[in-house]
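Listed in order, the protein sequences are those of chains U and A. Residue numbers 1 to 260, in this note's numbering, belong to the letters of the first sequence in order. Residue numbers 1 to 148, in this note's numbering, belong to the letters of the second sequence in order.
Hints listed in this document are in silico derivations from the structure and should not be mistaken for laboratory results. As the structure is a prediction and not an experimental result, all values here were calculated from the model. Think of the CB as a built atom: it goes at the ideal place given N, C-alpha and C, for glycine as much as any other residue.
The calculated label-pair distances, taken between Cβ atoms and stated as ranges, are:
#1 A:V66 <-> U:V80: 17 to 23 Å
#2 A:A95 <-> U:P152: 54 to 60 Å
#3 U:E23 <-> A:E40: 25 to 31 Å
#4 U:A191 <-> A:V85: 52 to 58 Å
#5 U:P152 <-> A:G42: 46 to 52 Å
#6 A:V6 <-> U:L154: 45 to 51 Å
#7 U:I158 <-> A:W97: 54 to 60 Å
Residues from chain U that face chain A, not an exhaustive set, calculated with beta carbons under 8 Å:
#8 D52
#9 A56
#10 A65
#11 P217
#12 F219
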Amino acid sequence: MKTPRTARSFRYTLIQEIAPHVEKKWADAFILKLRTASVAGARIGSSLKEVDSHCAESGSSAVEAFGNPERYARSLNLPVEDVGRGSLAPLAPTLLEIVGMVVLTWSCPGLFRGQAFVLTTGQVLTAVLLAAELAALVLGNRRAVLAVVRHPVLAWLIFMANMALMVALIGTFGSSLARLHAGWSAGLGAALLLGGLAWNLLRRRAGKSGVDPVVAPAFTENQRAVVVAARRQAGVASAVNAWLMPLAALVIVPMEWALR
Amino acid sequence: MDAEEVWPAEWLRGALELCVLRVVAEAPSYGYAIATRLAESGLGAVKGGTLYPLLGRLEAAGIVAVEWRAGESGPGRKYYALTEVGRAELDAGAARWADFARLTTSLIVPDDAGGGREGAAAQERDAGVGDRDPDRDATTRPMEETRP
Numbered sequence: 001m002k003t004p005r006t007a008r009s010f011r012y013t014l015i016q017e018i019a020p021h022v023e024k025k026w027a028d029a030f031i032l033k034l035r036t037a038s039v040a041g042a043r044i045g046s047s048l049k050e051v052d053s054h055c056a057e058s059g060s061s062a063v064e065a066f067g068n069p070e071r072y073a074r075s076l077n078l079p080v081e082d083v084g085r086g087s088l089a090p091l092a093p094t095l096l097e098i099v100g101m102v103v104l105t106w107s108c109p110g111l112f113r114g115q116a117f118v119l120t121t122g123q124v125l126t127a128v129l130l131a132a133e134l135a136a137l138v139l140g141n142r143r144a145v146l147a148v149v150r151h152p153v154l155a156w157l158i159f160m161a162n163m164a165l166m167v168a169l170i171g172t173f174g175s176s177l178a179r180l181h182a183g184w185s186a187g188l189g190a191a192l193l194l195g196g197l198a199w200n201l202l203r204r205r206a207g208k209s210g211v212d213p214v215v216a217p218a219f220t221e222n223q224r225a226v227v228v229a230a231r232r233q234a235g236v237a238s239a240v241n242a243w244l245m246p247l248a249a250l251v252i253v254p255m256e257w258a259l260r
Numbered sequence: 001m002d003a004e005e006v007w008p009a010e011w012l013r014g015a016l017e018l019c020v021l022r023v024v025a026e027a028p029s030y031g032y033a034i035a036t037r038l039a040e041s042g043l044g045a046v047k048g049g050t051l052y053p054l055l056g057r058l059e060a061a062g063i064v065a066v067e068w069r070a071g072e073s074g075p076g077r078k079y080y081a082l083t084e085v086g087r088a089e090l091d092a093g094a095a096r097w098a099d100f101a102r103l104t105t106s107l108i109v110p111d112d113a114g115g116g117r118e119g120a121a122a123q124e125r126d127a128g129v130g131d132r133d134p135d136r137d138a139t140t141r142p143m144e145e146t147r148p
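Extracted from the complex, chain A is given alone in its bound form (with noise of 0.2 Å):
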C-alpha cells in the first residue's frame, strides 16, 4: 500500500527526510532498498517520484555522498551513504523530532498509552496537577494501583 495511504501526506512530507537519512545511518543504501526498508518499518511503499527527489536534494546539500556499484545481476545501483554533514543533520533532527513527537502526542492523546500517556504525566507532575477526575484517573493510573 502506498505511504500517503498508510499516513496524511503532510505527515509523511515532514518526517520521511529523518527516517530517509536513519536508514542510510545504518548502513549504506540505494533507492529500492532505502523504499523496501520503509515499507517494511510500517510507513508503507513510498513511490520513487517522492523518495529519489528527496535523495536528489540530500545529496546537493552534501549530507549523503553517493556512489555508483554494479549490481549483482541486474542493472548498477547508486548507493547513499550518510557525510559527516549528514550525520550531525540526523542526530540533530532525530533529537527535535523526539522532543517534537512528545510533545503533540501529550497535546493530541493524553490518555493514550505509552509516550502519549508518560509525556502527558511527566507535564503533569512538572506542572504539579492535584484535582483530577478518579474515573480518568483509573485510565491512566497503572495496573497495580487500579486494583481493589
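One chain only, chain U, in its complex shape (with noise of 0.2 Å):
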C-alpha cells in the first residue's frame, strides 16, 4: 500500500480501506458522533465495517439502509471507555506541562538578568482565564470538539482573539504582585513541566495515551497495511502530545536567554 502522507490523506485511506462502499459523509458523521461519545476506536470501526458489509450486500446507500448516521450511531447503544466524558485523566499531564510552561518562561527573564521574578496583575488574570478555558475544555469536550469540527474557521478566529486578549491583559495591568526568586519559580516551572512530560510517557507506555485509532477487522493486505499505518500514527500523535510543550520549552528559553 502507498502510505498517504498528510494525515487527511491518510484518514481518507482509513475511512476507504473500512468502508469503501458507504458515502464518506455519512461515516464521518457516524465517526464524530462515537468519537465524541467515547467510544473506542475499534469498535466504532466494526460497526463502521458492518455497515459497509451491508451496503455492499444490498446494494444499498448507506442512508436507505440506515437513515441519519448520527441517529443510527446512538441507536447502537455501544459502551463507552472508561475514561468517559469529562474525564480529566487523559488530559491532566498535558495540562500539567503547560502550566510548567507558563511558570517557566515568565521566571526565566528575570532568572537571566539576576533579578526577582515580579508576579503582575495582567499574569495572575491571565493564569485565571486560561484555567477557566481549559476547565470548561475538558468538562465540555464533546461539544467543543464538534464545535471545532464543525466551524473551523470561528474556532481558529477564537483561538487568536483569546491570545489576543491574553497579551492585552499582560500588557495593561503591569502592576506588581508578588516577588519571587526567579531561579526557585524557574526551578518548579521546570519540574511541574518534566513531571507532566514523565507522566505523559507512563501513560503511554501503560497504553494509556488517550489516542486510540479507529480500526476495522482486516482481511486483505491493504487493510491489515491501513492497521499497522493507523496505530503507528496514533503513536505519533500521542509522542507529539507529550513531547510539545518540552520542546516548546527547549525554544523559548534560549530565545529569553538571546533577549535578556
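Using the hints, build the complex out of the two chains.
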C-alpha cells in the first residue's frame, strides 16, 4: 500500500479501506458522533465495517439502509470507554506541562538578568483565564470537539482573539503583585514541565495515551497495512502530545536568554 | 417492500427479536443474510437501522456470539451464532409466543381458519359452550358435517 503523506489523506484512506461502499459524508458523521461519545476506536471501526458489508451486499446506500448516521450511531448504544466525558485523566499530564511551561517562561527573563520574578496582575488574570478555559474545555470536551470540527474558521478566530486578550491583559495590568526568587520559580516551572512529561510517557507506556485510532477487522493486505499505519500514526500523535511543551520550552528559553 | 409497510411497526417490534433468533438458530449468519431470510419469509425488508441495533443488543446480552469472517469476494462479514443462553432464550420465548399468538388469534379472529378456529374451538370445548347459532356453526364446522 502506498502510504499517505498527510494526516488528512491518511484519514481518507482509512475510511476508504474500512468502508469503501459507504458515502464518505455518512461515514464521517457516524465516526464523529461515536468519537465524541468516547466509544473505543476498534468498536467504531467494527460498526462502520458492518454498515459497509451490508451496503456492499444489498447494493443500497448507507442513508437508504441505515438512515441518519448520528441517529443510527446513538441507536447502537455502544459502550463507552472507562475514561468518559469530562474526565481529566487523559489531559491532566498535558495540563501540567502547560502550567510548567508558563511558569518557566515567565521566570526565565528575571533569572537571566539576575533579577527576581515579578508576578504582575496581568499574569495572574491570564493564568485564571487560561485555567477557566482549560477546565471548560475538559468538562465540555465533546461539545468543544464538535464545535471545532463544524466551525473550524470560527474556532481559529476565537483562539486568536483569546491569545490577543491574554497579551493585552499582561501588557495592560503590569502592576506588581509579588516578587519571587526567579531561580525558585523557574525550578518549579521546569519541575512541573518535566513531571507532566514523565506522567505522559508513563501513561503512553501503559497504553493509556488517550490516542485510540479507528481500526476494523482486516482481511486483505491493504486493510492490514492500514491498521498498522493507523496504530503507528496514533503513536506519533501521542508522542507529539507528550513532547510538544518541552520542545517549545527548548525553543523559547534560549530566545529569552538571547533577548535578556 | 419495507417490513413496516407490510406489518404495523408495533407488531414487528414484538416479534422481530424472536424471528432473528430463529434465523440465527438455523445456522450462524450475518446481517444481510438474516435480513434477506426475514424478507423471504414474508416479513418484508427489515432496515439495517432496525436490524443491527437489535443484533448489537443480543450480542451485549450474550444471546449471540460474533465472529468476523472474510467475505467470498466482497468485504468481511460479521457472523452471529446462538449461544447456550440464546438457545434457552429462544426456546422459552418461542413457547410463550405460541401461547400468546393462539390466545390473541382466538380473541381477534374466532371464526377464522387455522389456529384461530382451532384455538377458539378448543376454548369453547374447554368451556363447554353448548347453544350456538346454527348459521355461525356452519362456517366453523368441518366440511363433512356441512354436507347435506
